[in-house]
Amino acid sequence: MDFAQQLVNGLTLGSLYALIAVGYTVVYGIIQLINFAHGEIFMVGAFGALSTALLFFRSYVDGGQMLPFWALPVMIIGAVAASVTIAVLMERIAYRPLRNAPRLAPLITAIGISVFLQEAVRLLYGKIPSFPDAKQKVPFPKIAIVSGDAWTPFGLTIQRSTIFTVGALIICAAGLFYFVSRTKTGRAMQAVSQDPDTARLMGINVDRIIVVAFVIGATLAAIAGIAQGLQVTNVNFKMGFLAGLKAFTAAVLGGIGNVWGAVLGGLTLGIVEAMAIQFIPGTFGGSSWKDVWAFAILILVLVFRPQGLLGAKVVDRA
Amino acid sequence: MSAMLEVKDLVVSYGKIKAVKGISFTVGEGEVVSLIGTNGAGKTTTLRTISGLLRPVSGSITFNGQDLTKVQAHDIVALGLAHSPEGRRIFPKLSVEENLMLGAFSRKDKSIRSDLQAAFELFPILEERRAQPAGTFSGGEQQMLAMGRAMMSRPKLLMLDEPSMGLSPLMMKRIMTTVSTLQEQGTTILLVEQNAQAALKRATKGYVLEVGKIVLSGTGKELLESDDVRKAYLGED
Chain A
1 MDFAQQLVNG LTLGSLYALI AVGYTVVYGI IQLINFAHGE IFMVGAFGAL STALLFFRSY
61 VDGGQMLPFW ALPVMIIGAV AASVTIAVLM ERIAYRPLRN APRLAPLITA IGISVFLQEA
121 VRLLYGKIPS FPDAKQKVPF PKIAIVSGDA WTPFGLTIQR STIFTVGALI ICAAGLFYFV
181 SRTKTGRAMQ AVSQDPDTAR LMGINVDRII VVAFVIGATL AAIAGIAQGL QVTNVNFKMG
241 FLAGLKAFTA AVLGGIGNVW GAVLGGLTLG IVEAMAIQFI PGTFGGSSWK DVWAFAILIL
301 VLVFRPQGLL GAKVVDRA
Chain B
1 MSAMLEVKDL VVSYGKIKAV KGISFTVGEG EVVSLIGTNG AGKTTTLRTI SGLLRPVSGS
61 ITFNGQDLTK VQAHDIVALG LAHSPEGRRI FPKLSVEENL MLGAFSRKDK SIRSDLQAAF
121 ELFPILEERR AQPAGTFSGG EQQMLAMGRA MMSRPKLLML DEPSMGLSPL MMKRIMTTVS
181 TLQEQGTTIL LVEQNAQAAL KRATKGYVLE VGKIVLSGTG KELLESDDVR KAYLGED
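Protein chains in written order, with the numbering used here: chain A, 1 to 318; chain B, 1 to 237.
Keep in mind that the hints were calculated from the coordinates and are not lab data.
For each residue, glycine too, the CB sits at the ideal point set by N, CA and C.
30 angstroms max Cα-Cα, derived DSBU-like pairs, lysine-lysine:
| no. | chain 1 | residue 1 | chain 2 | residue 2 |
| --- | --- | --- | --- | --- |
| 1 | B | K201 | B | K8 |
| 2 | B | K70 | A | K184 |
| 3 | B | K231 | B | K173 |
| 4 | B | K16 | B | K213 |
| 5 | B | K8 | B | K21 |
| 6 | A | K184 | B | K156 |
| 7 | B | K213 | B | K156 |
| 8 | B | K231 | B | K18 |
| 9 | B | K70 | B | K108 |
| 10 | B | K156 | B | K8 |
| 11 | B | K93 | A | K184 |
| 12 | A | K184 | B | K110 |
| 13 | B | K70 | B | K205 |
| 14 | A | K184 | B | K108 |
| 15 | B | K93 | B | K156 |
Distance ranges between label pairs, derived from CB positions:
| no. | chain 1 | residue 1 | chain 2 | residue 2 | range |
| --- | --- | --- | --- | --- | --- |
| 16 | A | I163 | B | E121 | 52 to 58 angstroms |
| 17 | B | D67 | A | T183 | 29 to 35 angstroms |
| 18 | B | S138 | A | G175 | 35 to 41 angstroms |
| 19 | B | K93 | A | V292 | 33 to 39 angstroms |
The following residues of chain A were derived to be distant from chain B, with all beta-carbon distances above 12 angstroms:
| no. | residue |
| --- | --- |
| 20 | Q32 |
| 21 | A94 |
| 22 | G148 |
Could you put the whole structure together from the sequences, leaning on the hints where they help?
In structure tokens:
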């Protein structure tokens, strides 16, 4: 029973990691950039959802009531709009001018953007008229059906937010599969990741494909932001830091550049964390050590299987 | 008659190193023009500059009256200029059919499917293996795929960079026969080759490149019979 319960917890956590990890991996697959500001895209998504609730469902929020279920799609749109806007601006302003710079330059820029976005939310969110101060945690509204009492089938505890998170991952992964393998733009994306110069000879606008990669990553991160808000019932400006690092670990674990690797890596990492909490005895057990185990996995992967679970060892470029 | 492609005083450099030092040549409609020369002569650099992957330091490239040096690389194929690059550069993880369809990426017309059939007729092996990942192909098969992919854009001018590189004599012959077939079907061809014999035999016109300069030009037949070419490229004394 403990095992089954931890599997549920692990899948919940893992689905969240997976949703964020896809953003690291699609961008890396196209331009070999680790976008360390991607965690903040996730955070911005959560705040976008919160802002949407504050703007359109204020009476529910102030009255401490649950938002109607149809508020969820509205909040998803708000979250995606916020994340995508920031991601596209980030690419255009910060990364594109550095396209041909040494690889260290965009990496350091990413860290700069990350700090910039965290501080901007911390200092400015409360300045927006009628918005709460965001220097500490801000409560995330509850929504009918996806918030509320947990289900307890067969003695397990399954939070409603778990269903939302896992369901979101399944829908996003299916959508992504369709997009990448069945649409013209998706195939162009694969072509750019395999050989950008030759892709241009086919008439593919590489700059446009790079923007598409950022948009996909931001969309999934925004949905993850809502999932996180529903799970922990609050959001804060720092939430992207640890979640971003974990998702990055998941992307590396699965094989960075490989979309299915990111999904597999996220789920694996989530399950390992949950199991470690439950089954590692003594001092090293319990939830306070779970981050240690997660990053220990990152180190082990980097040492013993740097290409990740699904990554190819050599880049085959004929 | 004005030329389809006119390259004039083209200079291209990589940083401080000049790879192409002021070359001029023309390709007329319906012609097969060969650029021959050894490694490092600047042949590939020339083609990559025509396709917009590299930008010239000076000089002009005019294709059907349009200045290509101001057009983005990804917009050039839609003008009717296809480039089958050196080393084939097929997309290894995509299937044969997906590779071919990417060749038609810039097109929006309805006859893409019938052109896919035409590519399969040109190279039947591509149809047999249409679902196979292209990376599993042999060099010759990859070359066929690269040529088929380039033809999928319905080019007026097809640029082939070393199509015979690393191929068996039999496969080389097959590829070169296809070049003739494509010409007969009305495609103009700019052929870059180290294999001077094969390239010049089919050429209406040829240019010999040496360290970034054109040192010799003439009809394919003239060049094949020239003493300089025979010594330098055909290994005869």
